[in-house]
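> Sequence:
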Amino acid sequence: MYADKKRLKDNKLTLRFDDYEFELIIAMAAYQGEQPSAYLRELVLREAEAQLPQISVIKS
Numbered sequence: 003m004y005a006d007k008k009r010l011k012d013n014k015l016t017l018r019f020d021d022y023e024f025e026l027i028i029a030m031a032a033y034q035g036e037q038p039s040a041y042l043r044e045l046v047l048r049e050a051e052a053q054l055p056q057i058s059v060i061k062s
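Start counting at 1 in the sequence shown, then tack on 2, and there's your number in our numbering.
Any given hint might turn out to be false.
[Stated by the list, open to error] Cβ pair distances, simulated, as ranges:
#: 1; residue 1: Leu-10; residue 2: Gln-37; range: 12 to 20 Å
#: 2; residue 1: Tyr-33; residue 2: Lys-7; range: 32 to 40 Å
#: 3; residue 1: Glu-23; residue 2: Ala-52; range: 19 to 27 Å
#: 4; residue 1: Leu-17; residue 2: Pro-55; range: 22 to 30 Å
[To be verified] As a list, the in silico SDA-like pairs of lysine to any residue whose alpha-carbon atoms are at most 20 Å apart:
#: 5; residue 1: Lys-14; residue 2: Phe-24
#: 6; residue 1: Lys-8; residue 2: Glu-51
#: 7; residue 1: Lys-8; residue 2: Arg-48
Treat the hints as calculated values from the structure; they're not laboratory data. We treat Cβ as the ideally placed atom computed from N, Cα and C, and that holds for glycine.
Start from the sequences, fold in the hints, and give me the full structure.
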């Protein structure tokens, strides 16, 4: 089913936010029309790629 089994998204991290941070994330995700977890995932990977431009992990 997957050409590269390492692309399967089955690794999980837990993040904790205070009420203000959480409300900001929910509002930004809604503004973008995305689920909060998908919004954060894309944001984190985009920032990681900006920090390490020679490594591309985001596949469109």
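> Range hint 19 to 27 Å: satisfied by the CB atoms of Glu-23 and Ala-52?
About 21 Å separates the Cβ atoms of Glu-23 and Ala-52, which means 19 to 27 Å holds.
> Would you say the C-beta atoms of Tyr-33 and Lys-7 sit inside 32 to 40 Å of each other?
holds (34 Å)
> Starting from Lys-14, check that the Cα of Phe-24 is at most 20 Å away, please.
Answer holds: Lys-14 to Phe-24 is near 19 Å, not above 20 Å.
> Falls inside 22 to 30 Å, the C-beta gap from Leu-17 to Pro-55?
About 24 Å separates the Cβ atoms of Leu-17 and Pro-55, which means 22 to 30 Å holds.
> Regarding the pair Lys-8 and Glu-51, is the alpha-carbon distance no greater than 20 Å?
holds (18 Å)
> If I claimed the Cβ atoms of Leu-10 and Gln-37 lie 12 to 20 Å apart, would that claim hold in this structure?
Given about 19 Å between the Cβ atoms, the range holds.
> Under the criterion that the straight-line Cα-Cα distance not exceed 20 Å, is the pair Lys-8, Arg-48 satisfied?
Roughly 19 Å separates the two Cα atoms, so the pair holds.
The structure meets every hint from the earlier list without exception.
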